[in-house]
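J.: The chain contents come next:
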Amino acid sequence: MTPTVTTPSSPAAWRELLEALAGSGWTDGLPVVPPIREFVDEMVSGVAGTADQVVADLDPSGTPATIGAVAANAVMAGCLPQHLPYVLAAIEAVADSRFNLRGHMCSTHTSGPLVIVGGPGRDACGFNYEGNCFGPGSRANAAVGRALNLCLLNIGGALPKVVDRAIFGHPGKYTYCIAEHEAASPWAPLRVDMGFAHDDDTVTVYAAEAPHSIIGLCFENPHELLDIAADSMSQSGLTHYYVGGDVILLFGPAHADILADAGWTKPDVQAYLHQRTRKPVSVLKYGGIWGRQLEHNRWPRWIDTADEDSLVPLVHKPSDIKLSVTGGPGAGSSVFIPGWGTRCITTSIRKWLS
Amino acid sequence: LDTTLDKLIKDWDLVMPAPRGLASVTRPVARRLSSLTNARGAFLDNSKDNAATLLQELGKLLHAEFGTAEPTFFSKPLHTRIAPESQIGEAARMEFAVIAIGD
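From first to last, the protein sequence lines stand for chains A and Y.
Read in order, the letters of the first sequence correspond to residues 1 to 354 in the working numbering.
Read in order, the letters of the second sequence correspond to residues 355 to 457 in the working numbering.
Derived from the structure by calculation, the hints contain no laboratory data.
C-beta: ideal position from N, C-alpha, C; glycine also.
Please note: incorrect hints may appear among the correct ones.
Per label pair, the in silico range of CB-to-CB distance [what the hints assert, rightly or not]: (1) Y/ASP457 - A/SER282: 21 to 29 Å; (2) Y/MET448 - A/ASP52: 35 to 43 Å; (3) Y/SER388 - A/ASP304: 34 to 42 Å; (4) A/PHE168 - Y/GLU424: 47 to 55 Å; (5) A/PRO11 - Y/ASP457: 19 to 27 Å; (6) A/LYS351 - Y/PHE427: 39 to 47 Å; (7) Y/THR426 - A/GLY131: 51 to 59 Å; (8) Y/GLN441 - A/ARG165: 33 to 41 Å.
Produce the complete structure using the sequences and hints provided.
T.: If you want it as structure tokens, here you go:
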């Protein structure tokens, strides 16, 4: 039987609803759009699948995330119906065992789930890959990133200070979503590196720390740019020196132009950075989780731990340094995004398009 | 609050975005053992020292106080990755498993 729905319209009724939702434990601390059935149904009707269809089991609780529940969280986050396929794809991606969602959401580490959107459909949905792409101003970026985080809280059960044991937390646990600036890139986009077709629409998720700025307005060639980038990436407190995984380097358009003009390919850049971001055992022996118990570090076999001058790479392989281009015009900047020590996972949104 | 929220869910016809509390999660729970005597236990740590210390002490206590078999310890190769299938498979052959994390 269809319930009789009253639609209180007074400011007091709205306030009561918003405050009840705020106190329900279903929010990230900010007010949410009420998940009114009509809104949720509209969102579900725009994707392939039914409301009770399970997208993935979400750790740490292991609760099945249905399309309906994900859509309710997407409504609460402020998504439009056309954003839901991106949220569903992101849910699938974080549930991939290589992402290790349970570990990521329970860890003491300072990381949050970054979503990188790519593909021809991103313009129609309004994703920002130009100026201030990490900041406010784009509903798609803000709402899709927030929807993923609300799902991880509400469905996955990653309750702050209870299950999520992060020492500091991360602003990206509110929202953390950008898109690739494919027209400004001299290379194929990230999804092609990850095995997807150029004309596919994808999301890539990554357990990411904050973007670390790399500024340089006067570079005259790739070596100057990449030497400064490598130095900015070589922080001995990064977990990657001890456990590997992927890292992300996002070039701003001005820096990408320097590399494009010189004809450098992605493998060229990756190989150079892999060489130039190494740190000696004499420094790394104090850091990480195991300190002087060097045998516990996940280092390549060819590292001679008895030789303090041995150089340890930031990540194991050059291709573990994921490259892309994003951001607006202006003085030269890039950003380096290290993470928790796991992998970037890419999924297509196509299966969710109706 | 729950009463208010329940009324608002009905009045506004809201779709619940989550189960009400973790108790409603439907993940299957491991079968309870009728006895710990001679039960073989797998103790899996997340590769961090404090986890291993905790589990080693727990394994000793269970053996001494409850008569479990000698504990078998496993350590994940890396805390940021899930345990390898080989470890999970070996642990699954035991009667019970205990996992721990620790910094």
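J.: Each hint should be assessed against the structure and marked as holding or not.
T.: Taking the hints in turn, this is what the structure says about them:
Between Y/ASP457 and A/SER282 the C-beta distance comes to about 25 Å, which sits within the given range of 21 to 29 Å. Checked against the given bound of 35 to 43 Å, the beta carbons of Y/MET448 and A/ASP52, roughly 36 Å apart, stay inside it. Between Y/SER388 and A/ASP304 the CB atoms are about 53 Å apart, so this pair departs from the stated range of 34 to 42 Å. Hint check: A/PHE168 to Y/GLU424, Cβ distance near 41 Å, so the stated range 47 to 55 Å is violated.
Taken as a hint, the range 19 to 27 Å is violated for the pair A/PRO11 and Y/ASP457, whose Cβ atoms sit roughly 48 Å apart. Checking the proposed 39 to 47 Å range against A/LYS351 and Y/PHE427 shows it holds: the Cβ atoms sit about 42 Å from each other. At roughly 57 Å, the beta-carbon separation of Y/THR426 and A/GLY131 lies within the given 51 to 59 Å, and the hint holds. For the hinted restraint 33 to 41 Å between Y/GLN441 and A/ARG165, the CB-CB distance of approximately 23 Å leaves it violated.
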